[in-house]
Amino acid sequence: MKLLVVEDEVKTGDYLQQGLTESGFVVDLARTGLDGHHLALTEPYDLIILDVMLPDVDGWRIVQALRAAQATTPVLFLTARDSVEDRVKGLDLGADDYLIKPFAFSELLARVRTLLRRGMTPVFNDQLQVADLLLDLPRRRAQRHGVRINLTNKEFALLELLVRRQGEVLPRSLIASQVWDMNFDSDTNVIDVAIRRLRAKIDDDFVPKLIHTVRGMGYMLDVNGED
Amino acid sequence: MKRRPISLALRLTVSIGAVIVVVLLVFGWIVERSIDQHFVQQDVDELAAVVQAVAQILVEPQTNNEQLKRRLASAVSGHHNAQFHLTKTSGEVIYATPGSDLSGFLQTSRVSDALDIHSVSNWQDQGHHYRGAVLMLPGGVAVSGQPLLLVVATDIDFHLHYLEDFRIYLKLITLVACLIAIFATWFAVYQGHAPLRRISGEIRRIKSDHLSIRLAPTTVPVELTELAVSFNDMLDRIEEGFQRLSNFSADIAHELRSPITNLRTQTEVALSQTRDVAQYREILYSNLEEYERMAKMVGDMLFLAQAEKQQLQGEYGQVNLAEEVQVLFEYFEAWAEERAVTLDCTGPAVWVYGNRLMLRRALSNLLANAMRYTAEGERVSVTLELHGSDRVLIQVANPSAEIAPEHLPKLFDRFYRADPSRQHKGVGAGLGLAIVKSIVMAHGGRVSANYIDQQIVFRIELPRAFDSVG
Numbered sequence: 001m002k003l004l005v006v007e008d009e010v011k012t013g014d015y016l017q018q019g020l021t022e023s024g025f026v027v028d029l030a031r032t033g034l035d036g037h038h039l040a041l042t043e044p045y046d047l048i049i050l051d052v053m054l055p056d057v058d059g060w061r062i063v064q065a066l067r068a069a070q071a072t073t074p075v076l077f078l079t080a081r082d083s084v085e086d087r088v089k090g091l092d093l094g095a096d097d098y099l100i101k102p103f104a105f106s107e108l109l110a111r112v113r114t115l116l117r118r119g120m121t122p123v124f125n126d127q128l129q130v131a132d133l134l135l136d137l138p139r140r141r142a143q144r145h146g147v148r149i150n151l152t153n154k155e156f157a158l159l160e161l162l163v164r165r166q167g168e169v170l171p172r173s174l175i176a177s178q179v180w181d182m183n184f185d186s187d188t189n190v191i192d193v194a195i196r197r198l199r200a201k202i203d204d205d206f207v208p209k210l211i212h213t214v215r216g217m218g219y220m221l222d223v224n225g226e227d
Numbered sequence: 001m002k003r004r005p006i007s008l009a010l011r012l013t014v015s016i017g018a019v020i021v022v023v024l025l026v027f028g029w030i031v032e033r034s035i036d037q038h039f040v041q042q043d044v045d046e047l048a049a050v051v052q053a054v055a056q057i058l059v060e061p062q063t064n065n066e067q068l069k070r071r072l073a074s075a076v077s078g079h080h081n082a083q084f085h086l087t088k089t090s091g092e093v094i095y096a097t098p099g100s101d102l103s104g105f106l107q108t109s110r111v112s113d114a115l116d117i118h119s120v121s122n123w124q125d126q127g128h129h130y131r132g133a134v135l136m137l138p139g140g141v142a143v144s145g146q147p148l149l150l151v152v153a154t155d156i157d158f159h160l161h162y163l164e165d166f167r168i169y170l171k172l173i174t175l176v177a178c179l180i181a182i183f184a185t186w187f188a189v190y191q192g193h194a195p196l197r198r199i200s201g202e203i204r205r206i207k208s209d210h211l212s213i214r215l216a217p218t219t220v221p222v223e224l225t226e227l228a229v230s231f232n233d234m235l236d237r238i239e240e241g242f243q244r245l246s247n248f249s250a251d252i253a254h255e256l257r258s259p260i261t262n263l264r265t266q267t268e269v270a271l272s273q274t275r276d277v278a279q280y281r282e283i284l285y286s287n288l289e290e291y292e293r294m295a296k297m298v299g300d301m302l303f304l305a306q307a308e309k310q311q312l313q314g315e316y317g318q319v320n321l322a323e324e325v326q327v328l329f330e331y332f333e334a335w336a337e338e339r340a341v342t343l344d345c346t347g348p349a350v351w352v353y354g355n356r357l358m359l360r361r362a363l364s365n366l367l368a369n370a371m372r373y374t375a376e377g378e379r380v381s382v383t384l385e386l387h388g389s390d391r392v393l394i395q396v397a398n399p400s401a402e403i404a405p406e407h408l409p410k411l412f413d414r415f416y417r418a419d420p421s422r423q424h425k426g427v428g429a430g431l432g433l434a435i436v437k438s439i440v441m442a443h444g445g446r447v448s449a450n451y452i453d454q455q456i457v458f459r460i461e462l463p464r465a466f467d468s469v470g
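One line per chain: the protein sequences are A and B, in this order.
Each residue of the first sequence is one higher than the one before, counting from 1 in the numbering used here.
Each residue of the second sequence is one higher than the one before, counting from 1 in the numbering used here.
Bear in mind the hints are in silico, worked out from the structure with no lab data behind them.
Ideal placement from N, C-alpha and C gives every residue a C-beta, glycine not left out.
It is possible that part of the hints are untrue.
[Unchecked claim] Partial selection, computed: residues in chain B whose CB lies under 7 Å from chain A:
| # | residue |
| --- | --- |
| 1 | Tyr-190 |
| 2 | Tyr-285 |
| 3 | Glu-289 |
| 4 | Ala-295 |
| 5 | Lys-296 |
| 6 | Met-297 |
| 7 | Trp-335 |
| 8 | Glu-338 |
| 9 | Ala-340 |
| 10 | Arg-361 |
| 11 | Ser-364 |
| 12 | Ala-368 |
| 13 | Gly-432 |
[To be verified] Cross-link-like lysine-lysine pairs, in silico, DSBU-like; alpha carbons within 30 Å at most:
| # | chain 1 | residue 1 | chain 2 | residue 2 |
| --- | --- | --- | --- | --- |
| 14 | B | Lys-207 | B | Lys-309 |
| 15 | B | Lys-88 | B | Lys-69 |
| 16 | B | Lys-69 | A | Lys-89 |
| 17 | A | Lys-11 | A | Lys-101 |
| 18 | A | Lys-101 | B | Lys-309 |
| 19 | B | Lys-171 | B | Lys-309 |
| 20 | A | Lys-101 | B | Lys-296 |
| 21 | B | Lys-296 | B | Lys-309 |
| 22 | A | Lys-154 | A | Lys-201 |
| 23 | B | Lys-410 | B | Lys-296 |
| 24 | A | Lys-154 | B | Lys-296 |
| 25 | A | Lys-89 | A | Lys-154 |
| 26 | A | Lys-89 | A | Lys-2 |
| 27 | A | Lys-89 | A | Lys-101 |
| 28 | A | Lys-154 | A | Lys-209 |
| 29 | A | Lys-11 | B | Lys-296 |
| 30 | A | Lys-101 | A | Lys-2 |
| 31 | B | Lys-296 | A | Lys-89 |
[Unchecked claim] Partial chain B-side listing against chain A, Cβ under 10 Å, derived:
| # | residue |
| --- | --- |
| 32 | Glu-292 |
| 33 | Gly-299 |
| 34 | Leu-328 |
| 35 | Arg-372 |
Please model the complete structure; the sequences and the hints are all you need to start from.
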């Protein structure tokens, strides 16, 4: 997967490149709007991460040029300007998502992966499996090592999200938004408690442990995780 | 464009000036009338003296016609403007003042029995003005008892000239008096507005760094007291807003100081000697937590700033609060169960018009706040009800230690924490309830906190949605 990052802030650009590269992407970094504009229009990318505020050619003009050239490459905006009009403008011009600075890198990563997945044909499986954990989606049942586990509706939704995005660090805000439709930070440890209870049901009595806490970032479901 | 209203000075000058002009004109008219009357009376008196003299002569026995004529001629002596004709009813002239021609007057005038103001009339002859009367006199012995017709008149040119001059003089005086009066009015109005100019001068001294200046309502005229008082009230509000704003900036600086201190100290200590990887990781994790707290605080403050500038836009529509509460209960379920806190909601499905996302955020903050301060085994109860005909009332109650009444309204202040020791124990930045308040205000509602029966009750009033589908 090849990404383009257009970011004039030196440190931010460096860390975005490093972080995304370490997460398995091939990353081109453009430090000016002009370079970004040129690269976006000439090179094929799977996704473009654009800073809105650039000294020469701003992010809006790049996405405009891109859409004018009939390119459907997903675009994610990074912006320090948190006003409704700005967001609406960005989305109107053809951006696919936006993140407001300061953002958590794990959040950016999760959104990037969501956008990249959007283009793929979804796989309609009736079952999801990780190690010996089995999810029966139509009947909303879970079993581990052949043992049926009773989950509440929300617990199942949470587990399904973790399994579907296996190996990804999911920030708490993303979990709250996807499972409970809470699109704001609630100032509580609700997600931690929910994860703890889910863990008690699917991990406590089994090996290997599947749900892992990534400190300061969120949670991840994986067969081999650091914890 | 709406026309600017006429100036106060002009308005007052015109209205007062008009009244003065009318009064002066009426006064002048009365003076003129009374002088005119006075002259009429004077003429009547003169004519009466002549009539009296003629009548007197007629009752005295006269030797012959010549003597009678001489006596009659002497009747107008001393009244050199007066003249008369004495004729028999047959038309035969007994006496006529020499050089006089009163025949025209005799034809146009009616005959009276006595002489008074109403029986006299005026006429004009050969450029002269006369006032006179036609009288029927009972005949005396001098004319052997026959009734006689007496036409008596006096020249009034002199009076008319005087009146003419007087009228011009009066008009001039009235004009000058009007001008003086109008100018005096204008001056008085201008002087009357002096307190306004003084107040304006005082107001001009008020700058953002001198917001404590107030107008003294007792030193201005009574009529301006209310203005001064309401102006002072406005200044109070502005000063309060200003104060809150600068407190807010100070609070931000203060609130950011501690995470920055933590980060800085930690990093400096970490760098002061070589450590193993695990220690470095620990430090970075700890830093990450601080960053997260700062990022959240900045986000919340931006939200509040936007709410205050009325910039919270987004989709508005019908929101079923009962449903929202249920969704939030589901979200908080695990946390509540773990802390053995019961959540319950009573009341009908109430609908409000608003932004679902924002209202959910407000309710979530309220619930989180209530749960956070509820001891294990206790209950957080939400009550929904219709309040009056057009309001919806949401109450969130939880058991709490007593909170002094003066602290209750402050709970909605930014960075206010009822218990200072709770600071930085994962409780958030102390902006949760401030956000609740700003969201509710943006929806045209009201918030309040009350302490009732060992419970702290947060009350939210929102405008009810009427054309609700449910």
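Could you work out which of the previously given hints the structure breaks and list their numbers from low to high? 1, 6, 9, 16, 19 and 25
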